[in-house]
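Which chain is which? The protein sequence lines are A and B, in order. All residue numbers for the first sequence refer to UniProt numbering, where the first residue is 1 and numbers rise by one. All residue numbers for the second sequence refer to UniProt numbering, where the first residue is 1 and numbers rise by one.
Calculated directly from the structure, the hints in this document are not laboratory data. Hints are supplied without guarantee of correctness; some may be wrong.
So the derived list for chain B, only partly shown, Cβ under 8 Å to chain A, looks like this [stated by the list, open to error]:
#1 I16
#2 A18
#3 L61
#4 V73
#5 A88
#6 L89
#7 D91
#8 N92
#9 L93
#10 A97
#11 G102
#12 E104
#13 K106
#14 F114
For each label pair, taking beta carbons as the anchor points, the in silico distance ranges come out as [said to hold, decoys possible]:
#15 I207(A) <-> S175(B): 43 to 49 Å
#16 Q85(B) <-> A318(A): 56 to 62 Å
#17 L61(B) <-> S159(A): 57 to 63 Å
#18 Y35(A) <-> E233(B): 44 to 50 Å
#19 G330(A) <-> H201(B): 46 to 52 Å
Computed cross-link-like contacts, EDC-like style, restricted to lysine to aspartate or glutamate with a CA-CA straight-line distance of at most 20 Å [said to hold, decoys possible]:
#20 K230(A) <-> E63(B)
#21 K230(A) <-> D91(B)
#22 K163(B) <-> E63(B)
#23 K132(B) <-> D184(B)
As the structure is a prediction and not an experimental result, all values here were calculated from the model. Note that the Cβ used here is the ideal one computed from N, Cα and C, for glycine as well.
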Amino acid sequence: MSELSPATGSETSGFSNVGRTRWWRRGFFASQTAYVAAALIAIMIVMSFLSSAFLSPGNLANVAKNFSFVGIVTLGVTLVIVTGGIDLSVGSTMALSAIICAIVMRTVSGTAFDSVPIAGMLVSLGAGLGVALLIGLANGLLIARIGLSPFVTTLGMLSIVRGLAYAVTEGRGQAPTGPDIDLFYGITDGNIAGVPVAIIYLLVLAIIIGIALHHTAFGRHVFALGGNEKAAALTGIAVERVKIAVYVLSALSAGFAGILMVGWLGSAPANLATGYELTIIAAAVIGGANLNGGIGGPAGAVIGALLIEVIRNGLVLAGINAYWQIVLVGAIIILAVLVDRLRTLRMAS
Amino acid sequence: MSLLVLQDVGKEFGAIRALSHVNLTIKPGEVVGLMGDNGAGKSTLVKIIAGNFPPSHGRILFENQEVHFTKPVDARSVGIEVVYQDLALADNLTAAANVFLGRELKRRVGPFSFLDHAAMNQRTADLFRELKSETRPDDVVRAMSGGQRQAVAIARTRLAKAKIILMDEPTAAISVRQVAEVLDLIRRLRDAGIAVILISHRMPDVFSVCERVIVMRRGTKVADKPIGGSSPEEVTALITGAKEAA
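Here chain B stands alone, though its shape is the one from the complex (with noise of 0.2 Å):
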């Protein structure tokens, strides 16, 4: 059974053509690396699957329901979350209150409902627990590193019980160390059966990853195959137009 199906997909705005005639399929638990040069199409493609604009053709399958994305409310309701770059949390919060934010835990007394922190803490505890991150749930996010920011916004996602995690460029702007802690991370949710599409630049990255690469140029799919049938060699080649297709 496939996750997740784009059936030639394509994007215009106006004149221009972002995206055109994409297929893919993703499997439930899959790491599928998603490369390309700036302008070739990844954004847009993620955009599409995310819910941030519609495809201009195309069909987009999900669980093999076809569906219709119009807003990321929309992608993230059948279980499509995204983690941004910006990793979009707030700073001055703790780690617990960034993973239940807009979805806190209540308790009610009478008329009144208040927070429960305890649970959310407990919760939040669990989560770091299974993605084998030492992040604490009371700690605020300003004093973390890149790392365990990253481990905060991957358990926020998985506390929406997401089924597929798109990530854009998680490893870009930490330290050696921390990427090892997200690429663990990554590990993690596909063991627990959570597919990742992951966005990257860094070639080692999606090589030790990844099990499929899937790579774009000036808007089409020039390749999308085993990473144990690839080299980061030739994917450069296939990034830079040196080799057409493979």
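With the rest of the complex left out, here is chain A (with noise of 0.2 Å):
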């Protein structure tokens, strides 16, 4: 620490090595999301010089939506991050909940449920998102319980959930049919004045989280965990509870951004976002969240899934090969956290 300024003595002591760092230093502002907010305003800036399209209403919604599924995951991925953990099934978990949506919604069209207003489409979104908090239990309790290891077990859970998706469709792709599919359209791929409801309910969920991080004793908790989670467990913190519900968080939040993609493709295609879970990961990473646990939050997973997707915008606006974007996200990746990496050495220089 430099930058210190005379604290008040104590009597006692007769010396005073307690100073106040910078607010510029502190919080929000010596952050990781607060550099990343910088470059990706930066980055917008100078795109939107480059190339007049970038600016426009529909790319800018198109944008919005694109990032939105990968930037509610985000959102559930990041507490497990806070924890010090890792889920890698998140992309097969989207797959699976739309794909079991789907096909419940088409099952049960044309029975008794029809009769019930709404009923059919409830119904099918309860069997998706059911299906995704299973696949959180199974995580969590494996990992919490038994302590095998977060990389190992979504890991496993990642094939796990992508061969049933294959083995449910048989490769088909499911389209959600029955009688509130315009309804279902509109929740899930609809406008609010202009707005696509997507990127809504990444931000009112982006509140919730910050809300429940900050300012709850499970925020507190999952923050806790990834700090040390030895000493959470002396002062009496239900490690494992905090530990399965963080799991459970994580892929339900995968499920629900699953659902919407069904809404968005009008089909569930069993191989519906392979590899989705590096992209998430990174949007974490980018965004801040430290995979050694102890740092993240629901402001960097918004600001890290858009800054992936406005270089990707930007890379096809620009005509770039699209294979190339994948090695730029790699590589903004290994950025963000060198920078990271040189700002604490020079802090703690």
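Combine the two chains into a complex, taking the hints into account.
Listed below in structure tokens is the structure:
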């Protein structure tokens, strides 16, 4: 710590080594999230000059929708990362939830459910989210109760769930149908005052998670787990319950985003969201979540997801080969953590 | 009245006798140094008092009531707190968050309950003032000195209304200046009527804050005398076995 200003002396020790760090080196302003946000704004300004299409309403709506799906799941995964865990199974969970939702909606249509308004849709949404809940519960129980490594457990779950998605559909895309299909498309792919509903869901969820993380005991315990799990256990925090909860929330966010994607695509293919787990974890890390645990938040998740999408969109507008986007996203991840590393080194010296 | 009494306490782990026939008494507000070489039985003794495991023989009385601890929570519930050597703090949280970790103050708003940041910061600031520590409630622990971390860990025990605090090597890994701070903290606890058992290897610390020193060697208590009636040389001899007992 540099930048120390003398505090008022204490009569017992007669010396003072406690100073206030300047405001711009504390809190949000000193976080990775803050400078990634600054970088995002800079990139958007540069792009608006380079391409007249960038700020067009059509393109902005496109960017907003694309990043919302990733952003929603990033919110959930960020919770897991803050506890010091990781969830690789979210991409597969998006697919299986989407598929189950579409299949159930098609199956119940034409049965007694049709006589009750929106019953068929509620059952199918419940089934899609229910599958996600079970996946999250399985992850959470294996990791918290039995003590398996989060990486290996969720890697296995990635494969199991993706396999199930192919097995259930035999590789064919599942289209949702039924009496409530228009309403379904409305709540998953509609617009409110010209704004895509997906981004509204994202922002509302981000605010809820922000409040939960910083203003409830649950959120405090999530951070404590990532900071020092042993200390958390010693103070009597229900470590297992908090861990299970974050994996369930992560899976639910994936299931929810998967269902939104069905509305967007009009179908749930078995390969839906393949490889998304990497983009999602990248978004969380770029947004400032620390894979060692203890640091991260919804603002970072949203900003990270948006940054990746803006850069991807910028490359498309610039006419650059899509394959290079993948290379660039990887480079940005490394750059973001590199800058953070340099910054902490500088502050420590 | 005595706060904590151990009567003929012994502990065996399989064929290994870690502790045998230990008798000791701690009075309220007393600061007692617990010394001994590695393997002398200090940690076993501390773990029995802290409730990590029960003794194989003997009785423990707390405020004249016999107690049987099987887990740390049992000991904590009667007022026995431990400040661990690694302090058991979450580095990424503020001092106030650590002090209140697991027992956060909340405000109900409809069906939800939210953290009461202002009340927790206020109460933590009061605790630090009581301890005369220059630690701010909203500072993050990661940026703190060893002495400040001790203050946070001790403030935790104060919040729990501890009657006796076991401190495991609190001055082992901190600078000379911070040692003075920690010893001051121990004096504040004594002034507040809280008993402290200071487990330490550092002779000057024990001789500057403790009223009494207990020396362990090979699982037995070999000395228990007022600090004024002893000397660092004698304690060293007792620890090493050059002197059998005192």
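So, going through the hints one by one against the coordinates:
1. The beta carbon of I16(B) comes no nearer than 26 Å to any beta carbon in chain A, farther than 8 Å, and the hint placing it at the interface is violated.
2. Residue-level restraint check for A18(B) is violated (minimum Cβ-Cβ distance to chain A is 23 Å; threshold 8 Å).
3. Evaluation of the L61(B) hint against chain A yields a violated restraint, the C-beta minimum of about 25 Å exceeding 8 Å.
4. At its closest, the beta carbon of V73(B) sits 7 Å from a beta carbon of chain A; the interface hint therefore holds under the 8 Å criterion.
5. Checking A88(B) against chain A by beta carbon gives a least distance of about 4 Å; that is within 8 Å, so the hint holds.
6. Among the interface hints, the one on L89(B) holds; its C-beta lies about 6 Å from the nearest C-beta in chain A, closer than the 8 Å criterion.
7. About 5 Å separates the beta-carbon of D91(B) from the nearest beta-carbon of chain A, less than 8 Å, and the hint is met.
8. With a least beta-carbon distance of about 4 Å to chain A, the hint placing N92(B) at the interface is held under the 8 Å criterion.
9. Here the hint on L93(B) is kept, as its CB sits about 6 Å from the closest CB of chain A, short of 8 Å.
10. Using the Cβ-Cβ criterion of 8 Å, the hint placing A97(B) at the interface with chain A is satisfied: the shortest such distance is roughly 6 Å.
11. Below 8 Å, beta-carbon pairs count as interface contacts, and G102(B) has one with chain A at about 3 Å; its hint therefore holds.
12. For E104(B), the interface hint holds, since its Cβ comes within 8 Å of a Cβ in chain A; the closest pair sits about 5 Å apart.
13. Hint status for K106(B): holds, given a least beta-carbon distance of 6 Å to chain A, under 8 Å.
14. For F114(B), the shortest C-beta to C-beta distance to chain A is roughly 5 Å, which falls under 8 Å, so the interface hint holds.
15. Taking 43 to 49 Å as the suggested C-beta distance range, the pair I207(A) and S175(B) conforms, at roughly 44 Å.
16. Between Q85(B) and A318(A) the beta carbon distance is about 57 Å. The supplied range of 56 to 62 Å therefore holds.
17. Under the hint 57 to 63 Å, the C-beta atoms of L61(B) and S159(A), about 58 Å apart, fit the expected range.
18. Taking the beta carbon of each, Y35(A) and E233(B) are about 59 Å apart, not inside 44 to 50 Å as hinted.
19. In this structure the hint that G330(A) and H201(B) lie 46 to 52 Å apart at CB holds, the actual value being about 50 Å.
20. For a cut-off of 20 Å, the pair hint linking K230(A) to E63(B) is broken: about 30 Å separates their Cα positions.
21. For the proposed pair K230(A) and D91(B), the alpha carbon gap of about 12 Å is at most 20 Å, so the pair holds.
22. Our distance criterion of 20 Å between C-alpha atoms is met by K163(B) and E63(B), whose separation comes to about 10 Å.
23. The suggested pairing of K132(B) with D184(B) holds, with an alpha-carbon distance near 8 Å, which does not exceed 20 Å.
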